[in-house]
Each structure stands twice: as C-alpha cells, then as structure tokens.
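Modelling step: build the complete structure from the supplied sequences, incorporating the hints.
Residue 53 in the working numbering sits at position 50 of the sequence shown, with consecutive numbering throughout.
What the hints contain is simulated information worked out from the structure, not anything from laboratory work.
Keep in mind the model is a prediction, meaning the values are calculated, not measured.
Treat the hints with caution; some may be incorrect.
What the hints assert, rightly or not - Cut-off 30 Å, straight-line C-alpha distance, at most; resulting in silico cross-link-like pairs (DSS-like, lysine-lysine):
#, residue 1, residue 2
1, K114, K30
2, K10, K30
3, K125, K114
4, K30, K88
5, K125, K76
6, K137, K114
7, K125, K137
8, K10, K114
To be verified - What follows is a set of in silico ranges between Cβ atoms, one per label pair, in the way DEER data are often shown:
#, residue 1, residue 2, range
9, G127, I17, 17 to 23 Å
10, N5, E113, 22 to 28 Å
11, F95, D57, 17 to 23 Å
12, D94, I17, 34 to 40 Å
13, T129, Y102, 27 to 33 Å
Heads up, the beta-carbon is just placed ideally off N, CA and C, and yes, glycines get one too.
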Amino acid sequence: MNSISIKDTGDIRIAAQQFIEQIGENKVFAFYGEMGAGKTTIIKAICEELGVEDVINSPTFAIVNEYQSASDKLIYHFDFYRINKVDEVYDFGYEDYFYSGSLCFIEWPEKIDQLLPENCIKVGITVQPDNSRKIVFLHD
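Here it is, written out as structure tokens:
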C-alpha cells in the first residue's frame with residue numbers, strides 16, 4: 004500500500020478514491036493521527052465515495068455509527084476518543100463489528116490497540132509543515 008498526499012481540501016475526494024483503490028480484501032482500518040489531523044474528514048470522504056447517503060460525522064459520543072454503502076454493504080465508523088478503559092468496549096460487543104466482514108473505520112485506535120484484529124490495517128495521518136496531510140499505511 005502506498006502513501007496518499009492531500010495538499011488541500013480540494014484533494015479530499017481524490018485521496019478517498021486512492022484509498023478505496025487500495026482497500027482490497029481488507030476490512031478493518033485503524034486511523035492514527037493527532038487531534039485535527041483529518042481522520043474524520045478522510046473517513047467521511049471515503050464513505051461518500053462508497054455511496055453513503057446518510058449524514059457522516061464522528062461518533063464521538065455514540066462510539067459507533069453505522070452507514071450503508073451504495074452496494075447495500077454496511078460500514079462501521081468508530082471513535083474511541085472518549086473511552087476511558089477497555090472494558091467499555093467489551094460492553095458494546097466490539098467483536099461483532101470487527102469480525103462482521105463489513106468495513107470498519109476506527110478513530111483513536113490507540114485506546115484499544117490490544118483489541119484490534121490481527122489483520123487490521125493501521126493508517127497514519129500526519130499534518131505536514133505546509134499544512135497538507137499525508138496518509139501512510141503503517142507496518143508493525
């Protein structure tokens with residue numbers, strides 16, 4: 004998997020399309036990046052490019068949002084920012100989502116690293132000195 008550059012907001016759709024081209028058979032993606040790096044923005048763009056017509060926003064308080072793509076496939080969008088302990092994630096049955104075969108996009112995965120599936124793709128988003136963004140597929 005290659006890196007993707009986003010020079011400005013006009014590049015978001017192209018970046019989302021490039022991301023989708025690299026998804027392959029992978030289903031679970033963990034997005035790492037500082038606050039304001041653009042995790043929600045790129046996930047929103049990816050979902051829109053997949054044909055989601057629902058309002059797409061970060062599930063900061065709900066923890067998970069469910070969307071339906073144009074091909075009627077489910078997409079789960081997680082935000083673990085407000086998780087204080089891993090037990091909270093056990094309580095809502097994370098395994099049912101992560102192992103469902105549906106696309107899962109996870110924000111703030113560092114809060115639950117030990118629960119991520121082995122085949123989870125880690126994605127880093129960094130803000131560059133010129134305020135552009137770089138999306139990199141990380142390897143352990």
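Next pair to validate is K114 with K30; report whether the Cα-Cα distance is within 30 Å. holds, 19 Å
State, for the Cβ atoms of N5 and E113, whether the hinted interval 22 to 28 Å holds or is violated. Check passed, 23 Å falls within 22 to 28 Å.
Are T129 and Y102 spaced within 27 to 33 Å by their CB atoms? holds, 29 Å
Holds or violated: are the alpha carbons of K125 and K76 at most 30 Å from each other? holds, 22 Å
Does the Cβ-Cβ separation between G127 and I17 fall within 17 to 23 Å? holds, 19 Å
Straight-line alpha-carbon gap K137 to K114, limit 30 Å: Given that 30 Å is the threshold and the Cα spacing comes to 22 Å, the pair holds.
Straight-line alpha-carbon gap K125 to K137, limit 30 Å: holds, 14 Å
Verify the proposed pairing of K125 with K114, using a straight-line Cα cut of 30 Å. holds, 14 Å
Just to be sure I understand the hint, the distance between the Cβ atoms of D94 and I17 should be within 34 to 40 Å; is that true here? holds, 39 Å
Could you say whether the range 17 to 23 Å given as a hint is met by the Cβ separation of F95 and D57? The hinted range 17 to 23 Å holds for F95 and D57, with Cβ atoms some 20 Å apart.
Quickly compare the C-alpha distance for K30 and K88 to 30 Å and report which way the hint goes. holds, 25 Å
Can the restraint linking K10 and K30 be considered satisfied, given a maximum Cα separation of 30 Å? holds, 27 Å
Violated hints for the displayed structure: none, as all numbered hints are satisfied.
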